[in-house]
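Asks: Here is what each chain is made of, one letter per residue.
2 protein chains.
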Amino acid sequence: MKRWLPQRMQGYQRDDFYRDLIASIVMTVLLVPQNLAYAMLAGLPPQVGLYAAMLPVLVYAFLGTSSTLSVGPVAVASLMTATSLAGLALPGSAHYTELAMVLALLTGGFLLLFGALRLGFLAHFLSRPVLSGFVSGSAIVIAVSQLKHLLGVETTGPNVLAQLYNLAFALPQSKVVTVLVSALCILVLWLGKNTLAQGLCRMGVNPRHADLMARLTPIAVIAGATLWASQGPWAAQHGVALVGQVPQGLPGWTQPWQSLSQVSDLWLSAMLIALVGFIQSVSVAQTMALRRHEKINPNRELTALGAANVASAFTGGYPVAGGLARTSISSAAGAQTRMAGALSVGVMAVIVLTLTPLFMKLPVAALSAIIVMAIGSMLDWRTFANAWRYDRADALALAFTFVGVLALGAQQGIVVGVTVSLGVLVWRSSRPHMAVLGRVPGTEHFRNVDRHSVQTLPGLLALRVDESLFFANVAALEERLMAEATSPQRPTVILLNCSAVNRIDSTALEALTELEATLAQQGVQLWLSEVKGPVTDRLNPTPLGQRLQQRVFLSTHHAFAAFEAGQHSH
Amino acid sequence: MKRWLPQRMQGYQRDDFYRDLIASIVMTVLLVPQNLAYAMLAGLPPQVGLYAAMLPVLVYAFLGTSSTLSVGPVAVASLMTATSLAGLALPGSAHYTELAMVLALLTGGFLLLFGALRLGFLAHFLSRPVLSGFVSGSAIVIAVSQLKHLLGVETTGPNVLAQLYNLAFALPQSKVVTVLVSALCILVLWLGKNTLAQGLCRMGVNPRHADLMARLTPIAVIAGATLWASQGPWAAQHGVALVGQVPQGLPGWTQPWQSLSQVSDLWLSAMLIALVGFIQSVSVAQTMALRRHEKINPNRELTALGAANVASAFTGGYPVAGGLARTSISSAAGAQTRMAGALSVGVMAVIVLTLTPLFMKLPVAALSAIIVMAIGSMLDWRTFANAWRYDRADALALAFTFVGVLALGAQQGIVVGVTVSLGVLVWRSSRPHMAVLGRVPGTEHFRNVDRHSVQTLPGLLALRVDESLFFANVAALEERLMAEATSPQRPTVILLNCSAVNRIDSTALEALTELEATLAQQGVQLWLSEVKGPVTDRLNPTPLGQRLQQRVFLSTHHAFAAFEAGQHSH
Chain A
20 MKRWLPQRMQ
30 GYQRDDFYRD
40 LIASIVMTVL
50 LVPQNLAYAM
60 LAGLPPQVGL
70 YAAMLPVLVY
80 AFLGTSSTLS
90 VGPVAVASLM
100 TATSLAGLAL
110 PGSAHYTELA
120 MVLALLTGGF
130 LLLFGALRLG
140 FLAHFLSRPV
150 LSGFVSGSAI
160 VIAVSQLKHL
170 LGVETTGPNV
180 LAQLYNLAFA
190 LPQSKVVTVL
200 VSALCILVLW
210 LGKNTLAQGL
220 CRMGVNPRHA
230 DLMARLTPIA
240 VIAGATLWAS
250 QGPWAAQHGV
260 ALVGQVPQGL
270 PGWTQPWQSL
280 SQVSDLWLSA
290 MLIALVGFIQ
300 SVSVAQTMAL
310 RRHEKINPNR
320 ELTALGAANV
330 ASAFTGGYPV
340 AGGLARTSIS
350 SAAGAQTRMA
360 GALSVGVMAV
370 IVLTLTPLFM
380 KLPVAALSAI
390 IVMAIGSMLD
400 WRTFANAWRY
410 DRADALALAF
420 TFVGVLALGA
430 QQGIVVGVTV
440 SLGVLVWRSS
450 RPHMAVLGRV
460 PGTEHFRNVD
470 RHSVQTLPGL
480 LALRVDESLF
490 FANVAALEER
500 LMAEATSPQR
510 PTVILLNCSA
520 VNRIDSTALE
530 ALTELEATLA
540 QQGVQLWLSE
550 VKGPVTDRLN
560 PTPLGQRLQQ
570 RVFLSTHHAF
580 AAFEAGQHSH
Chain B
20 MKRWLPQRMQ
30 GYQRDDFYRD
40 LIASIVMTVL
50 LVPQNLAYAM
60 LAGLPPQVGL
70 YAAMLPVLVY
80 AFLGTSSTLS
90 VGPVAVASLM
100 TATSLAGLAL
110 PGSAHYTELA
120 MVLALLTGGF
130 LLLFGALRLG
140 FLAHFLSRPV
150 LSGFVSGSAI
160 VIAVSQLKHL
170 LGVETTGPNV
180 LAQLYNLAFA
190 LPQSKVVTVL
200 VSALCILVLW
210 LGKNTLAQGL
220 CRMGVNPRHA
230 DLMARLTPIA
240 VIAGATLWAS
250 QGPWAAQHGV
260 ALVGQVPQGL
270 PGWTQPWQSL
280 SQVSDLWLSA
290 MLIALVGFIQ
300 SVSVAQTMAL
310 RRHEKINPNR
320 ELTALGAANV
330 ASAFTGGYPV
340 AGGLARTSIS
350 SAAGAQTRMA
360 GALSVGVMAV
370 IVLTLTPLFM
380 KLPVAALSAI
390 IVMAIGSMLD
400 WRTFANAWRY
410 DRADALALAF
420 TFVGVLALGA
430 QQGIVVGVTV
440 SLGVLVWRSS
450 RPHMAVLGRV
460 PGTEHFRNVD
470 RHSVQTLPGL
480 LALRVDESLF
490 FANVAALEER
500 LMAEATSPQR
510 PTVILLNCSA
520 VNRIDSTALE
530 ALTELEATLA
540 QQGVQLWLSE
550 VKGPVTDRLN
560 PTPLGQRLQQ
570 RVFLSTHHAF
580 AAFEAGQHSH
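First to last, the sequence lines map onto chains A and B. Here our numbering = 1-based position in the first sequence + 19. Here our numbering = 1-based position in the second sequence + 19.
Because the hints were derived from the structure by calculation, they are not lab data. Being a predicted model, the structure only gives us computed values, none of them experimental. Be aware that one or more of the hints could be misleading.
Which copy? The list can't say, so a pair holds if one copy fits it or any two copies do.
The calculated SDA-like cross-link candidates involving lysine to any residue, where the alpha carbons are at most 20 Å apart (straight line), are [unchecked claim]:
#1 K194 - T175
#2 K314 - R509
#3 K551 - R466
#4 K194 - G585
#5 K314 - E503
#6 K551 - H471
#7 K212 - A229
#8 K380 - G258
#9 K551 - D469
Chain A extracted, bound-state conformation:
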């Protein structure tokens, strides 16, 4: 048992075990409403959400590098599952559930592949503004998708606007009792979230217990709504939709490959779910790790999440990931070690074996109310406000991604996000900052002539380009140098200060090689200074490196001295 415990837990004692057992019971029970609700969001029967929170949790506890991350059904992956499967099968049908397992298998496969290729850097593939825009957009898509359950009407639509449009027409058909149940659930959940804990504290309850009791509200809502629906004929009389028959017992060992023929329809979705799930998991895990002075290994996280998804696929689940809401709940329950995660499988097994018949009379509107209240924390305006003040391009990237998710859905929205995020990167780099340098009198320092009072030498143009040279920006450098070389005061030497050039990619190398030859034709020599070690090592064996050999200087000072010496010798 000790082998897979983190080092600082080698002194694990019996007392620790009892504490973890209690924590895992509390945590598992607290997470039941989320598991049920997100399965519904994904268009799946509610027990699938419970199955997805069993074996995957155990697998992650063995393989993951975070001791606190809670893995299981999460909002964004559930939404993306629903989007991926829409049109391929009827939500709630056996074929749909089977396809969800195939999706989990493919998602797990991609994660394992990324892990084998050591692509842990993908965790930082999206900027925070883009991720924030994506998550906020998804929150609204999720909320709108639940409105029909809250109102008790049957509508649909290809995107958020169409759904709202259709909902507006269906509004008169709203079922009054369903609306009342929804409103009551939302009210109770809101009170539980916002005032219950403070109230209990003021009544003298220990703050940690008060917080835990407040977090029990969703369970109370589910229990209350179920009790109401099962104690009288009201629900049936007024057409309040109920969850219905839920199979009792543990998930069987399922074989998702019965539907593997539909891989071609699902692989792209699976890849996107893998990417987004991974980014979100690592982001949550790293936030928790920073607080606890622990370390996350993104490459091992890929493998752990991949194995968790494969486990989910074989035990009747659907795509899983680590989520902020789940992790904060399990953290509040006192789960501080992987042991708590591992134990929760047993607790969940007891729940699945005994409690599932109770869900038959659970009103769907109660689950929708839980979803709507849970996604409140996903809406994030602060990042937009900050970005707008500090960096307009980041704010626009956020806005674009947000609108992309609303207009095109979560799947294409994330593609928009990646494109915008990287597009901003290319756009910024495509106009590199360049500064003409001069010597600070009496020193060996060289500074921008526009910002400092410095000396220049006639015939020598010292230019510093403040960016690595690569495909997106080398054209701008080319243009600037050609403009200088054909200007009336054209220099005989252009000295390129490379102190900010960390890399020259092959597109830039080719362009520089052509440029050096063209400049030479015009009678202008190209010199380099302050070329960094790694850049020199690469440049030396190339034809350009060979040509420049005698014209690369350790410092701008040396280059200026060489130029002056050359002038005097004439």
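Start from chain A and add chain B according to the hints.
Replies: Relative to the frame of chain A, chain B by itself:
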């Protein structure tokens, strides 16, 4: 007339006009085989290729910034047109032709939009290796798509592998005479390309004329094949496919919006065609411009190409772009000014009015032979070899894009290319080079302690991060600084040398703000030195800027001096 001539042509004379007229006649005639062939590649009737080389050429001559770029049907845009429309209509049908016009309209619309947004930087959105991989992959896809015409069989397939597989089974059904016609055409084209010019030169012909005569080979092939097919019953007897009825006369003013309802199926394709067409056009235009010391304005190119595509849509054409093969043909024909382009519309009108009936008996295999020989120049192994030697990651990006185009087709292939190109960018930046700095004894210079023999101060760690700080790499910096701050020899001050930091994006700003606070808790101060002007301007008003105010130094030298002063005062 002079208004739209480039400045250096203000002295345009009658003699110049006659020279341009001759050039435009030669050029237009030389381009006829390509125009016919690429229309067929796009699945369109051959005259559409001629229409697409009329009004768009005139529009580009007025609006474009290149005096030599030839705009019209090109290989890649034709392939992408075929891919976009596959499944939406039957190739050759009236609906298919209509959809091609809608596609041209949307492509033009996107280009005009990009131009209005001044997104000229998109011209450098792809690295040369990725573009090379995309073009080489497209060349193979095009060649494979023509094999069925060359063999006279009817096969199809969703991708290159499937097509080859199906072709292998259909091989026994090959029509012998068609195969002979194909082989003969390819042989003649090959001789014309590789040995005719030298042979003529050796016979004493002026090299420029010899080159022009060699370039006439495709016309000779078309004329010869047509003559053969129309002079006897052989073609019909042996089932050699002919082009068939071609309408005579000028293209009418068409109204592509009859099919505008299919915009939702076409917009993404149109955007990709716009992007790829633009990148290729600017790349060709810039190569030509560099030779002639002219300048290309990418933003105006967007508008010019956009208007050309809109013109194509309204005159029975399909998506057009500037192409290397077209431009080298028109350049060989002596077309040096826009006037030649403008005049070619008239020449093409004469051709369309008089020669189209001749195409009825043109064997399809001859056009396929022209396509296959034309795409030879698109295959480019040199870029791969160079990249493999200089920069392994660039070579892998090329290979990935190449395989992506083969496996998924040109459309998804270009998406793979963009993703890989930018993925490599993020991956490289995600592990920034960092160097611990020390003072070169007796100077104010600071260098990497691993590469130079320098002095450091105990308690002060000077770290230079060789990259702008942004979402992809700030986690690596965070990790390094936390490792230093928790190491046994932990410094009291970490000095971050920002000489290579050209920008700090909002993700990095947020992370640095958190990091500074965490370091302060550990008793480690964060200092900065050599922060560039634009970075300082942004940083100053932020909370981090406020906190660091007294700890930002003009140079590393100043920071070292301040640290020593602080130590002595204790």
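Asks: Please flag the earlier hints that this structure goes against, numbers listed from lowest up.
Replies: 4
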